[in-house]
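Colleague: Sequential numbering from 37 applies to the sequence shown in the working numbering.
Honestly, the hints are just simulated from the structure, not real lab data. Being a predicted model, the structure only gives us computed values, none of them experimental. Don't take each hint at face value.
[What the hints assert, rightly or not] Calculated pairs, SDA-like style, for lysine to any residue (alpha carbon to alpha carbon, straight line, at most 25 Å):
(1) K105 with G56
(2) K105 with G43
(3) K105 with H143
(4) K105 with E65
(5) K105 with V75
(6) K262 with A277
(7) K105 with D89
(8) K105 with E152
(9) K262 with D234
(10) K105 with G66
(11) K105 with G67
(12) K105 with T73
(13) K105 with F71
(14) K262 with A303
(15) K105 with T166
(16) K105 with N79
(17) K262 with F291
(18) K262 with T166
(19) K262 with P153
(20) K262 with E281
(21) K105 with A187
(22) K105 with T158
(23) K105 with T41
(24) K105 with E144
(25) K105 with P153
(26) K262 with D249
(27) K262 with R273
(28) K262 with E217
(29) K105 with L78
(30) K262 with M245
(31) K105 with Q150
(32) K262 with R227
(33) K262 with E302
(34) K105 with D61
(35) K105 with P45
(36) K262 with E298
(37) K262 with I205
(38) K262 with A295
(39) K105 with E148
(40) K105 with L165
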Amino acid sequence: NPSTTTGDPAQLQGALLNLGINAGDAMAEGGEVVFATEVVNLNEEFSRSLPYDVAPGRYLRISVTDTGKGMDEETLGHIFEPFFTTKGVGEGTGLGLAAVYGTVRSHEGAIEVQSEPGQGSTFVLHLPLTESPVGRDRDGPGRRQCAEGTARILLVDDEECVRISCARILGRLGYEVVACEDGAEAVEYYRQSWEDVDLVLLDMMMPRMNGRDAFLAMREINPDLKTLLLSGFGKDRRIQAILDEGVLGFIQKPFPRDALTERVAEALRE
Numbered sequence: 037n038p039s040t041t042t043g044d045p046a047q048l049q050g051a052l053l054n055l056g057i058n059a060g061d062a063m064a065e066g067g068e069v070v071f072a073t074e075v076v077n078l079n080e081e082f083s084r085s086l087p088y089d090v091a092p093g094r095y096l097r098i099s100v101t102d103t104g105k106g107m108d109e110e111t112l113g114h115i116f117e118p119f120f121t122t123k124g125v126g127e128g129t130g131l132g133l134a135a136v137y138g139t140v141r142s143h144e145g146a147i148e149v150q151s152e153p154g155q156g157s158t159f160v161l162h163l164p165l166t167e168s169p170v171g172r173d174r175d176g177p178g179r180r181q182c183a184e185g186t187a188r189i190l191l192v193d194d195e196e197c198v199r200i201s202c203a204r205i206l207g208r209l210g211y212e213v214v215a216c217e218d219g220a221e222a223v224e225y226y227r228q229s230w231e232d233v234d235l236v237l238l239d240m241m242m243p244r245m246n247g248r249d250a251f252l253a254m255r256e257i258n259p260d261l262k263t264l265l266l267s268g269f270g271k272d273r274r275i276q277a278i279l280d281e282g283v284l285g286f287i288q289k290p291f292p293r294d295a296l297t298e299r300v301a302e303a304l305r306e
């Protein structure tokens, strides 16, 4: 029978993209990545085996398998921790798999990993299914509309999946998106083209130059700079400090599509 899993398309797309990128990184010398789906019934025994609450029932199982280098037990115990990474310095912050975990749990699902050194890895996602039909039109009554615009947005994030998904979402609304992968690259672009940039979306934690330093450098170029901060962490003292320095707002990752588009529209109106 046809079944549907409900959730935020941008978050789910970002999670799968993250897993695909992670698989590619694990196969530096080439290999194969396989995405597979099936409908399964999760029983109470399976639910009790997890370290968090997941209701028994029908689920969509999505598995992502690679033929890469695999992981040992110690690595498996840390892969969903923010900022844990097996990559070299400057190659990523390690927020990708933490974001996947956050997305799956926010959708009341489960995630597992099977891996051995030299044998590749399989990430298995379980997302709850509903029998209720879900309409394809997401713009029904009561839904806030976000006006399309022609503004140019500078998107700065070292996670490739975030750059791709955000650029796609904003591009569909008519915005022109210029993406940079770290603060230093963004500052150099802004120095040359600041008059054409209407808004900056800036990740907090990045290699080479973090979000705060990039913001301060760009503000030296243009004191009227409009900036929204992105971060995989909640609003702690570091976030509040940069907000106090003039950043317009904060969006916590992983964020639903509406949180991004509505906050962007609000910032451009300010």
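Colleague: Check each numbered hint from earlier against the structure, then list the numbers of those it violates in ascending order.
Modeller: 2, 3, 5, 7, 15, 16, 18, 19, 21, 23, 24, 29, 35, 40
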